[in-house]
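A.B. asks: Build the full structure now, drawing on both the sequences and the hints.
Protein chains in written order, with numbering that gives the first Met the number 0: chain A, 0 to 442; chain B, 0 to 87.
It should be emphasised that the hints constitute simulated quantities derived from the structure, not laboratory data. Model, not experiment: these values are computed from the prediction. Cβ coordinates follow ideal geometry from the N, Cα and C atoms, glycine included. Treat each hint with caution, since some may be false.
As the list claims (entries may be wrong) - Think about it this way: if two alpha-carbon atoms lie no more than 30 Å apart in a straight line, the pair counts; the simulated DSS-like pairs of lysine-lysine are: (1) A:K38 <-> A:K81; (2) A:K305 <-> A:K356; (3) A:K407 <-> B:K79; (4) B:K79 <-> A:K251; (5) B:K78 <-> A:K38; (6) A:K232 <-> A:K274; (7) A:K101 <-> A:K122; (8) A:K251 <-> A:K197; (9) A:K38 <-> A:K76; (10) A:K197 <-> A:K276; (11) B:K79 <-> A:K122; (12) A:K380 <-> A:K274; (13) A:K101 <-> A:K81; (14) A:K343 <-> A:K414; (15) A:K197 <-> A:K414; (16) B:K79 <-> A:K380; (17) A:K251 <-> A:K274; (18) A:K76 <-> B:K79.
As the list claims (entries may be wrong) - Okay, the calculated bits of chain A under chain B, using three or more residues with CB under 8 Å as the criterion: (19) 61-69; (20) 191-200; (21) 246-252; (22) 384-397.
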Amino acid sequence: MLRNFVTGKFSVVSDVDTKTTANTDEAQQVLGLDQVSEKNVALHCHPQNLINWVVELDGIASSVLLVPFDACEAFSKRVEEKLELDVVLTDGMTNTEHWTTKVSGFRVDSGSQEAISSPGKRKTQWLLTTSGTTGTPKVVAHTIESLTRTTAKSGAGSQLTWGLLYDPARFAGFQVVLQAMMANAKLIVPSPDLDFEKKIDFLVASGCDALSATPSLWRKILMARAARQLHLKQVTLGGEIADQRVLNSLAKQYSSAAIAHIFASTEAGVGFSVKDKKAGFPVSWLDSGVRDVEMRISDQDTLCLKNTHLNQKYLGGGGSLASEDGWIDTGDLVEVDGDRVLFKGRLNGAINIGGNKVVPEDVEARILEVPGVFQVAVRAKSSSIAGALVEALVVPDPELDNPSGLVKSVKQHCKQVLPSFKVPAFVRIVDELPVGSAGKIKR
Amino acid sequence: MNDVREVIIESIQRIAEENDLELSPSLNDDSVLLESGLDSLGFAILVADLEGSLGFDPFVMMDEPVYPNTLGEFVAIYKKFSPNEAQA
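C.D. replies: Pasting the structure below:
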């Protein structure tokens, strides 16, 4: 149970005081811990409260859904279809008007303490969502054990002050939160609505010396004025392929920092980290494994992992994630290059935009809705800044009078129906799509 | 070839227009890129777009890429890696 790990040394610092429930509607009910015991709750609040409430609810609530700060109507609707929620807990700092489930305030110190006299008997299910806030969220159930498998539980790292630039309701952010909890470290949480430069200013002012981000976010951090004033001892990269150039830039800017890039997948809940400041991982790990993860490369050149403690599953359809023999195919293409195994993208052609997954077929289906579009292929265009960008090749209907106007109408339609990271950065009008020898469209 | 600086400014303005981004009214060398109105995706599009129009991407050419804070720094990076400037 989390509260067993968390001591007074763990603290969450933000630029606003979110401890009070002052923003809660006066007419709204405020629940205490005893009233959420064995309930299925959703947390939709400021990250600072979300993190503090997570500690209180572990071992008390039956399940806890972590709701991204900016979740919109479509998100609420989808998860309410999939899950039977009892209550949404809020601090009044997020927009909760889209929920049809009862919305309540929450105070740890209100209500009777009886219900929590024997905490820890229950194993709370932690529900995290994948995909964008406006797409169809996939809910994955975790336990604290499965989420902290690769986290050191010793006092190591307790001297560090971690900054949080991700939403703690997302897998990557929750990992940082748990890491700080396990190490009883201080966690600096800038409000999500602050300007980016101000977030970095706040991290500098708060003495942040450990940060975790995607390679794309790291490039953005390095662009910030205050980045040069960060005195980092720990630099962690995850969520995207870390190329050698971004590792070099970080090693130069933060020369005294330990640098680790993490491979982890929400679905598989398996991860390992590479600490030698080189892209990919040592080829010797295919024989030896690393920690309690075994590795192999499949016939399709994808990385497969095997872990002994797998206990997560999909909710609302979908079975166990591992095959019967315990191996999980990550779907990540790899290539052996000398003494390294390098990541090459996704087998299914999914594009990684700053840590967000884009499935080309989803975007293609939306573009085909635009009048005048005859054929379309969506593919990744590599980017030195964002890892990849989405490019759409569009073949106009031969009957169309003014094909050049299509670029604008395709972009406009995509903006209306897709989250921003899925909207093609480039739309090119072409006479025909590139087709491979097998007749399949080349991406 | 046009002045690198002009090409960059034109590209920023076009990308802002195509992506409904509101640029800060006065773009000059001291403008902070992250506050210019281009978001990080817009910045990535800008670099890809410039690779098309200028024919090179300095962030691929550097072994230890330096990421610019201001528009002036951004332009300086492009000037430094521009094949034309090197000949001049």
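A.B. asks: Would you mind marking each hint as holding or not holding in the structure?
C.D. replies: The hints, checked one at a time:
{"no.": "1", "hint": "A:K38 <-> A:K81", "result": "holds, 16 Å"}
{"no.": "2", "hint": "A:K305 <-> A:K356", "result": "holds, 23 Å"}
{"no.": "3", "hint": "A:K407 <-> B:K79", "result": "violated, 34 Å"}
{"no.": "4", "hint": "B:K79 <-> A:K251", "result": "holds, 20 Å"}
{"no.": "5", "hint": "B:K78 <-> A:K38", "result": "violated, 61 Å"}
{"no.": "6", "hint": "A:K232 <-> A:K274", "result": "holds, 13 Å"}
{"no.": "7", "hint": "A:K101 <-> A:K122", "result": "holds, 24 Å"}
{"no.": "8", "hint": "A:K251 <-> A:K197", "result": "holds, 24 Å"}
{"no.": "9", "hint": "A:K38 <-> A:K76", "result": "holds, 19 Å"}
{"no.": "10", "hint": "A:K197 <-> A:K276", "result": "holds, 29 Å"}
{"no.": "11", "hint": "B:K79 <-> A:K122", "result": "violated, 59 Å"}
{"no.": "12", "hint": "A:K380 <-> A:K274", "result": "holds, 28 Å"}
{"no.": "13", "hint": "A:K101 <-> A:K81", "result": "holds, 16 Å"}
{"no.": "14", "hint": "A:K343 <-> A:K414", "result": "holds, 28 Å"}
{"no.": "15", "hint": "A:K197 <-> A:K414", "result": "holds, 28 Å"}
{"no.": "16", "hint": "B:K79 <-> A:K380", "result": "holds, 25 Å"}
{"no.": "17", "hint": "A:K251 <-> A:K274", "result": "holds, 15 Å"}
{"no.": "18", "hint": "A:K76 <-> B:K79", "result": "violated, 52 Å"}
{"no.": "19", "hint": "61-69", "result": "violated (count 0)"}
{"no.": "20", "hint": "191-200", "result": "holds (count 3)"}
{"no.": "21", "hint": "246-252", "result": "holds (count 4)"}
{"no.": "22", "hint": "384-397", "result": "holds (count 3)"}
Comparing the model with each numbered hint stated earlier shows that hints 3, 5, 11, 18 and 19 do not hold.
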